[in-house]
Every structure is written in C-alpha cells, then in structure tokens.
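Protein chains: 2
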Amino acid sequence: MALIVQKYGGTSVGSIERIRNVAERVAKFKALGHQVVAVVSAMSGETNRLIDLAKQIQKEPDPRELDVLLSTGEQVTIALLAMALKDLGLRAKSYTGGQVRILTDDAHTKARILAIDEENLRRDLDSGHVVVVAGFQGVDAAGNITTLGRGGSDTTGVALAAALKADECQIYTDVDGVYTTDPRIVPEARRLKTITFEEMLEMASLGSKVLQIRSVEFAGKYKVKLRVLSSFEDEGEGTLITFEEENMEQPVISGIAFNRDEAKLTIVGVPDRPGIAAHILGPIAEANIDVDMIVQNVGVDGTTDFSFTVHRNELKKAMDVLSMVKTAIGARDVLGDDKIAKVSIVGVGMRTHAGIASKMFKALADENINIQMISTSEIKISVVVDDKYMELAVRALHQAFGLDQPASA
Amino acid sequence: MALIVQKYGGTSVGSIERIRNVAERVAKFKALGHQVVAVVSAMSGETNRLIDLAKQIQKEPDPRELDVLLSTGEQVTIALLAMALKDLGLRAKSYTGGQVRILTDDAHTKARILAIDEENLRRDLDSGHVVVVAGFQGVDAAGNITTLGRGGSDTTGVALAAALKADECQIYTDVDGVYTTDPRIVPEARRLKTITFEEMLEMASLGSKVLQIRSVEFAGKYKVKLRVLSSFEDEGEGTLITFEEENMEQPVISGIAFNRDEAKLTIVGVPDRPGIAAHILGPIAEANIDVDMIVQNVGVDGTTDFSFTVHRNELKKAMDVLSMVKTAIGARDVLGDDKIAKVSIVGVGMRTHAGIASKMFKALADENINIQMISTSEIKISVVVDDKYMELAVRALHQAFGLDQPASA
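Going line by line, the protein sequences match chains L and B.
Heads up: the first sequence runs through residues 79 to 487, numbered per our numbering.
Heads up: the second sequence runs through residues 79 to 487, numbered per our numbering.
Everything labelled a hint here was simulated from the structure, so no lab data went into it.
Careful: at least some of the hints might be erroneous.
When the alpha-carbon atoms are kept at most 25 Å apart in a straight line, the in silico BS3-like pairs for lysine-lysine are as follows [as the list claims (entries may be wrong)]:
| no. | chain 1 | residue 1 | chain 2 | residue 2 |
| --- | --- | --- | --- | --- |
| 1 | L | K137 | B | K106 |
| 2 | L | K271 | L | K299 |
| 3 | B | K137 | B | K188 |
| 4 | L | K133 | B | K106 |
| 5 | L | K164 | B | K133 |
| 6 | B | K188 | L | K164 |
| 7 | L | K164 | L | K106 |
| 8 | L | K271 | L | K301 |
| 9 | L | K440 | L | K417 |
| 10 | L | K106 | B | K137 |
| 11 | B | K108 | L | K137 |
| 12 | B | K303 | B | K108 |
| 13 | L | K106 | B | K133 |
| 14 | L | K133 | B | K164 |
| 15 | B | K417 | B | K466 |
| 16 | B | K133 | B | K188 |
| 17 | L | K303 | L | K271 |
| 18 | B | K394 | B | K466 |
| 19 | L | K404 | L | K394 |
| 20 | L | K417 | L | K394 |
| 21 | L | K417 | L | K395 |
| 22 | B | K137 | L | K164 |
| 23 | L | K395 | L | K137 |
| 24 | B | K164 | L | K188 |
| 25 | B | K243 | B | K108 |
| 26 | B | K303 | B | K243 |
| 27 | B | K164 | L | K137 |
| 28 | L | K243 | L | K271 |
| 29 | L | K466 | L | K417 |
| 30 | B | K137 | L | K108 |
Footprint (simulated), chain L over chain B, 3 or more residues, beta carbon under 8 Å [unchecked claim]:
| no. | segment |
| --- | --- |
| 31 | 91–98 |
| 32 | 125–135 |
| 33 | 144–152 |
| 34 | 158–168 |
| 35 | 172–178 |
Each pair of labels, with its calculated beta carbon distance range [said to hold, decoys possible]:
| no. | chain 1 | residue 1 | chain 2 | residue 2 | range |
| --- | --- | --- | --- | --- | --- |
| 36 | L | A355 | B | E102 | 53 to 59 Å |
| 37 | B | A406 | L | R200 | 54 to 60 Å |
| 38 | L | R200 | B | E138 | 28 to 34 Å |
| 39 | L | R190 | B | D183 | 33 to 39 Å |
| 40 | B | K188 | L | E197 | 28 to 34 Å |
We treat Cβ as the ideally placed atom computed from N, Cα and C, and that holds for glycine.
Make the full structure from the sequences, and use the hints.
The structure is reproduced here in structure tokens:
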C-alpha cells in the first residue's frame with residue numbers, strides 16, 4: 079500500500095465528463111489498495127473568467143480580494159470531484175486550502191507555503207477516504223485567503239506530498255511526460271523515462287513548460303518523488319523526476335530546450351576597465367528589466383563588446399536605457415536584435431563527459447548555423463542563433479546527441 | 079452615527095453594474111457617518127448554475143460537498159463588492175462565513191446559526207472599514223462549510239445585526255416594501271410603512287414572499303429593527319417591521335394574503351367518536367405529508383365530516399392514504415379537490431376588535447363567494463374558496479377593510 083498524491087490541472091478537470099474520468103482513475107488506485115490525495119486546479123477557463131469579472135470592477139484588482147475571488151475556482155472543483163468519487167461508491171472529503179490549513183505568507187496572489195497541517199488529512203486517509211484538496215490556495219496567519227500564483231496547484235501537490243511523506247507525487251497534465259524536445263519540431267522526440275531535478279529545472283526555465291518551476295524546486299528540496307503523466311491516457315508510466323544519485327547511468331544529454339522569447343542587446347566599443355559590467359547592468363536592473371544571458375568578449379585594443387539578452391517585450395525599454403549608458407561610459411554604439419532564438423542542450427551527464435560543447439558547436443556548423451552568443455552552466459549549454467535557424471538547430475542537435483534513439487538500458 | 083447592516087439579494091448584485099450601484103449606496107451611508115456591514119447573496123443565476131453542475135454528477139448531491147460548492151457563489155460577490163468599494167476610495171474588507179466565524183450546526187444545506195464571533199468585524203468597523211460578509215453560509219464546529227438554505231442571506235443579515243447590536247437591518251430587494259396585498263391583483267394595494275413581526279410572519283407564510291420566514295423569527299427573537307427597501311430606488315423608506323408594543327395604533331387589518339398551493343381532502347361520514355382525528359391524521363403524518371388547515375364539523379346522526387388541506391403536489395399521495403383509512407375506520411367516502419385557494423386577512427388589530435370575521439364573511443357573501451373552510455388564529459382569519467374566485471375575494475376584502483385608503487396617522 080502506497081500513499082500517492084495526484085495533481086490534476088485545469089484541462090484534466092475542464093468538464094463534468096473529465097471530472098468523472100479523474101474520479102475513475104482515483105478509484106483504480108484505491109482498488110489497488112493505495113491511499114490517494116487528489117489536488118485539483120480550477121476548471122479550465124474559470125480562473126480567466128473570474129479575473130475578467132474583477133478587471134471590470136478594478137483595473138488593478140485589490141490583491142486580497144482577488145485571492146478571495148480566484149480561490150472559488152478550485153473550491154468548485156473539489157466539491158464536484160468529491161461528489162463524483164461518492165457517486166462511484168468511494169468515501170471522499172474535500173478540503174479548501176484554509177481547511178487543510180496550508181499556511182502561507184501574506185503575499186497575496188503569489189504567496190509561499192510556510193507550513194501544512196497534515197493531521198486531518200492523515201486521519202481521513204487512515205479511515206479510507208479519498209482526500210480532495212484545492213490547489214493554488216492557502217491562508218495566512220491572520221486567516222486571509224491567499225493564492226500561490228499561476229501554476230501553484232503543482233506546488234500544492236508537491237508540498238502535500240512532502241508533508242504527508244507520500245510515496246509519489248503524480249502530476250497529471252495534457253502531455254504524457256517530459257520529451258527530449260518538442261515533438262512538433264522534432265517528430266522523433268522521445269518521452270524520457272526519467273529526468274533529474276536539475277535537468278528538469280533547466281528544461282522548464284528554458285521553455286519546455288510541463289511543470290511549474292517552484293514545484294520542482296520544492297520537490298528537490300524535500301526529496302519528493304515526482305512523476306509527470308497524461309490524464310488523457312489510461313496506460314503509460316510518464317516521466318519520473320529523479321535525484322541524480324539514484325540514477326548513475328544518466329545519458330549525457332537529456333533534452334533540447336529552446337525559446338524565441340528573448341532579444342539581444344550589444345554595446346560596442348566599451349572601454350575595457352574594471353567595473354564596466356556593473357555600469358551597464360546597474361541602470362538595466364534599476365529599470366526592472368530582467369537579464370538572462372550575459373557575455374563579455376575579451377578586450378582588444380583597450381575596448382570590448384558587451385552583450386546580454388532580455389525578454390523581447392523589454393527590448394525597446396532596454397535600448398533607451400543603454401543609449402544613456404553609452405554616452406556616460408563613452409562606448410561606440412548600441413545594437414538591438416529581436417530576431418534571435420536561444421537553443422540549449424541539457425544533461426547532468428555533461429559534468430563527467432568532455433567534448434560536449436565542441437560536439438554541439440560542430441553539429442551547428444555542419445548546418446551553417448552561426449552562433450551569436452554562448453553561455454554555459456554545469457548541466458547546460460545555451461547558444462543564441464538567428465531566429466530563422468531555430469527549428470533546424472533543434473533538429474540537428476537532437477540527432478547529433480542520439481536523442482531519437484531508444485535509451486540503452 | 080449608526081451601525082447599519084444592509085443585505086443585498088441576488089438580483090441586487092446580479093451584474094457588475096448592479097454591484098457598482100450597491101457600492102455607491104453603501105458609500106452614501108458611509109458619507110453620512112454611519113458604519114456599514116453589507117451582507118450579500120450570490121449573483122442571480124449563480125446558485126442555480128452551481129446546483130446544475132452538481133446534479134450532472136450526482137442526482138442527489140452529497141450535502142457536505144454541495145455546501146462547499148454553493149458557498150462559492152457568495153464568495154465571488156463579496157470579493158467583487160469589496161473591490162467596487164475600494165474603487166470608490168473606501169476601505170473595505172470581505173469575509174466568508176467561515177472567516178467571520180458564523181458558527182452553525184452541522185445540518186448541511188439547512189444549517190442553523192448557533193453563534194457569531196463579531197470581534198474581527200467590530201475592529202474593522204471601528205477602523206473605518208466597510209465590512210462585506212457572505213450571506214447564506216457558515217462553518218460547523220469541525221470547520222466544515224455549511225449553508226443556511228435558500229433565502230439564508232436574510233438570516234445572516236439579521237443574525238449579524240443582532241450580534242453587532244446594529245441600529246437597523248435593511249433588507250434590499252426588488253420590491254420597495256411590504257404591500258397590503260399583491261399589486262398585480264389589486265392595483266390599489268398600498269405599501270405599508272410599518273408591519274408587526276407577527277403580521278409579517280403570517281403574511282410571509284401565507285404567500286407574500288418578501289423576507290425569508292426564519293429571518294423574521296430571528297429578528298423578533300433578538301429585537302432587531304428590520305426594514306425592507308428596494309435596491310433599485312434611491313429614495314423611499316420601505317417598510318419597517320416593528321414590535322407590537324411600539325405601535326399601539328395598529329390598523330385592524332394590515333394585509334390580505336393568498337395562495338393556490340393547497341388541495342383539500344374531506345373524509346365523509348366518519349363515526350363521531352374520540353380519537354378519530356388521530357386515526358385519520360396519524361397515517362398522513364407517517365407518510366410525511368404536511369397538513370395546513372384542519373376542520374372538523376360538528377357531528378350529526380353519529381357521524382361527522384373531516385377536512386384538511388395539504389400541498390397540491392401531495393394530493394394524490396394523501397388520497398391513497400385516506401382510502402385505506404376509510405376502510406379501517408368505516409367512513410363513507412373520501413373527496414379530494416385541488417381547485418381551491420386560500421385567502422387570509424392578517425392584522426394584530428383584530429385581537430381587540432370584534433366583528434372582523436363577520437365583516438369578512440359578509441364581504442365574500444356580497445360577491446356570492448362560497449366559503450368551504452374557515453380557520454382562525456389570534457391575528458389572522460383564513461378561508462378556503464373555489465380557486466376561480468381567488469382574485470375577486472382578495473379585491474373584495476381589500477376594499478371592505480379600507481386597505482386602499484391612506485393610513486390615518
């Protein structure tokens with residue numbers, strides 16, 4: 079007998095029929111003798127409907143009241159799922175975040191979980207109930223309703239799994255796991271049976287949006303066994319997210335991530351002296367612009383070029399800031415380019431394997447793809463290339479690292 | 079400075095525009111220096127939408143989970159109204175039933191209020207907030223969400239007014255007060271400036287549906303000053319519901335109530351001996367059929383006729399029961415009639431005025447309306463007449479008792 083936390087997202091509970099399907103899946107796990115906690119999101123579309131109501135009243139809705147409003151979305155789903163479970167003859171009981179007592183800080187609309195009182199849930203589980211918990215919500219110490227922000231239901235699932243010391247936290251979504259890359263770009267993309275937390279973090283932040291990033295961090299911190307599964311398929315083991323030590327024989331590269339969300343800025347002919355990077359990025363930070371990749375070339379003839387990427391929406395704002403910086407530091411020019419794409423290879427195996435970077439660069443060179451920026455971390459290498467080569471680059475790298483081949487045991 | 083509890087029903091908060099109107103009305107009271115607690119229902123149509131969702135899953139929805147589901151309706155409204163108040167520059171804070179702590183028993187879908195913790199509300203009021211409370215809902219001692227049943231928001235308003243010792247509880251609805259009778263039947267019907275609690279109870283239970291009956295009982299018990307007003311008119315003082323001792327010069331008759339909800343059963347030729355009424359009504363009670371009026375004629379030649387009324391929907395069931403009873407007690411026949419109407423005159427003044435009944439009967443006789451049954455209480459006289467004479471009877475009585483004349487001061 080295992081204790082399993084299952085999290086179902088908005089599309090998985092998006093209609094009465096789908097809520098019934100979820101109830102049937104839960105019933106199967108109960109029939110196998112497991113204890114089940116089901117964490118659910120609002121029915122798809124509901125959160126947007128509520129936000130729209132709020133915005134008709136206040137352009138910037140009051141955060142405390144917005145949380146009161148939005149938390150009703152999950153409350154509807156828990157009641158309906160509990161009814162569907164009872165309709166199948168199971169014992170079931172719903173809990174709002176406040177009823178569990180998922181204690182959070184008071185940062186309305188983006189609260190963080192501080193503690194979970196698992197006592198009532200445990201008692202219900204031990205007496206044979208399926209426990210249905212509203213994701214995405216909690217209460218602060220003063221009893222105000224809080225929400226964890228978009229995608230927060232994943233975090234609720236993982237946090238409950240940690241508090242209950244569950245054997246597994248299953249995240250049901252509309253894909254059947256984590257893939258080596260996006261199958262829409264590379265038809266040969268394979269589902270990964272396992273991926274490490276570190277890789278998952280890199281994949282998620284790089285654009286393979288399967289799991290909310292905070293939930294992955296949370297799972298890593300509390301060593302929760304996390305599995306991504308499809309709620310629309312009856313079979314399939316999904317992708318298990320593991321700790322590195324559990325899985326010594328990692329493939330070198332697990333996946334290829336990519337995005338077109340960024341724009342590149344280059345400030346040319348910067349006097350090459352200490353503190354120059356701070357002079358450039360200080361005003362950018364003051365303007366609340368997030369920076370992703372940062373590259374500074376080696377200086378020749380006393381000057382250097384300095385490049386970084388920002389979100390595409392903020393290119394114009396960043397250009398305005400840099401044109402002031404240019405004058406102040408005596409640089410030659412400022413260039414902006416939003417026709418770029420970032421492509422990354424991710425894998426914990428690269429820590430122990432040499433030659434990964436050169437293999438990556440050769441694969442791109444073989445396709446005549448010019449690399450504009452390079453950035454590396456322990457378990458990933460990212461390059462910026464011309465926007466129009468993105469799909470080609472992803473396919474080339476997917477093949478070069480053998481990701482289309484079945485993993486050898 | 080007064081403390082006023084204002085209750086707004088579903089149609090009063092039925093759209094974003096109407097919620098804004100409510101906020102503006104509350105703002106006016108604040109501007110006059112009053113403290114305001116606003117109790118709100120779910121937006122009109124929302125409760126039915128939620129019940130419909132539930133019934134798609136369970137034909138008889140689980141009561142605990144139905145309460146979790148339905149309570150979201152008011153929760154949406156409190157958040158939106160609090161936002162609308164803030165948008166007008168007021169301080170405002172919303173409370174669910176559980177957050178106030180409106181403690182109820184655990185009778186899901188028809189819970190009764192046991193206690194209200196008014197401490198937090200009082201603190202917010204004293205610091206200048208408008209307090210917005212979800213009607214219709216509470217929590218039981220174990221923290222389960224409960225609802226008070228349809229119309230329960232009126233009860234929430236009155237209960238909060240009692241707990242906070244408010245100066246007045248204003249019930250805003252889509253009519254501008256309590257009328258001497260239904261203006262659709264008698265165009266001359268007048269709005270009553272005052273009505274006593276006892277009369278209100280008789281009027282409400284007899285079909286003039288303005289206030290939920292339990293809220294009136296509650297107001298009477300805790301001496302809450304209750305006023306019915308229109309939320310769609312800016313002026314108007316509505317109808318104040320008073321205690322009899324406050325208003326010694328009551329008119330003899332305050333209003334005419336009526337309904338077509340009942341059917342009449344008569345068991346003919348019943349042996350006239352002690353205990354016969356119990357023999358007839360015992361099996362009816364066992365079949366869970368509610369009985370309203372009961373009339374037993376004086377017996378002649380050793381037998382009597384026994385009549386009573388039930389809800390129209392239960393006529394067939396009651397006939398089936400009586401046909402068995404007939405044989406058992408040796409009665410002659412059982413007659414059923416659902417073409418009846420009940421018309422009542424209500425007024426605390428009749429306690430001290432003789433001749434009211436005969437005046438009523440004469441007014442009906444003048445219109446050739448035959449009276450089939452008569453039933454009296456301290457402050458009302460009800461008659462059963464042929465269905466088709468109902469409107470005529472109401473108009474005749476309205477005129478006979480001078481209700482179309484302005485009340486003399």
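Now the hints, each set against the structure:
no., hint, in the structure
1, K137(L) / K106(B), "holds, 23 Å"
2, K271(L) / K299(L), "holds, 21 Å"
3, K137(B) / K188(B), "holds, 18 Å"
4, K133(L) / K106(B), "holds, 24 Å"
5, K164(L) / K133(B), "holds, 13 Å"
6, K188(B) / K164(L), "holds, 21 Å"
7, K164(L) / K106(L), "holds, 14 Å"
8, K271(L) / K301(L), "holds, 18 Å"
9, K440(L) / K417(L), "holds, 23 Å"
10, K106(L) / K137(B), "holds, 23 Å"
11, K108(B) / K137(L), "holds, 24 Å"
12, K303(B) / K108(B), "holds, 19 Å"
13, K106(L) / K133(B), "holds, 24 Å"
14, K133(L) / K164(B), "holds, 13 Å"
15, K417(B) / K466(B), "holds, 8 Å"
16, K133(B) / K188(B), "holds, 18 Å"
17, K303(L) / K271(L), "holds, 13 Å"
18, K394(B) / K466(B), "holds, 21 Å"
19, K404(L) / K394(L), "holds, 15 Å"
20, K417(L) / K394(L), "holds, 14 Å"
21, K417(L) / K395(L), "holds, 17 Å"
22, K137(B) / K164(L), "holds, 12 Å"
23, K395(L) / K137(L), "holds, 23 Å"
24, K164(B) / K188(L), "holds, 21 Å"
25, K243(B) / K108(B), "holds, 18 Å"
26, K303(B) / K243(B), "holds, 10 Å"
27, K164(B) / K137(L), "holds, 12 Å"
28, K243(L) / K271(L), "holds, 23 Å"
29, K466(L) / K417(L), "holds, 8 Å"
30, K137(B) / K108(L), "holds, 24 Å"
31, 91–98, "holds (count 3)"
32, 125–135, "holds (count 5)"
33, 144–152, "holds (count 5)"
34, 158–168, "holds (count 6)"
35, 172–178, "holds (count 4)"
36, A355(L) / E102(B): 53 to 59 Å, "holds, 55 Å"
37, A406(B) / R200(L): 54 to 60 Å, "holds, 57 Å"
38, R200(L) / E138(B): 28 to 34 Å, "holds, 30 Å"
39, R190(L) / D183(B): 33 to 39 Å, "holds, 36 Å"
40, K188(B) / E197(L): 28 to 34 Å, "holds, 30 Å"
In summary, this structure violates none of the numbered hints.
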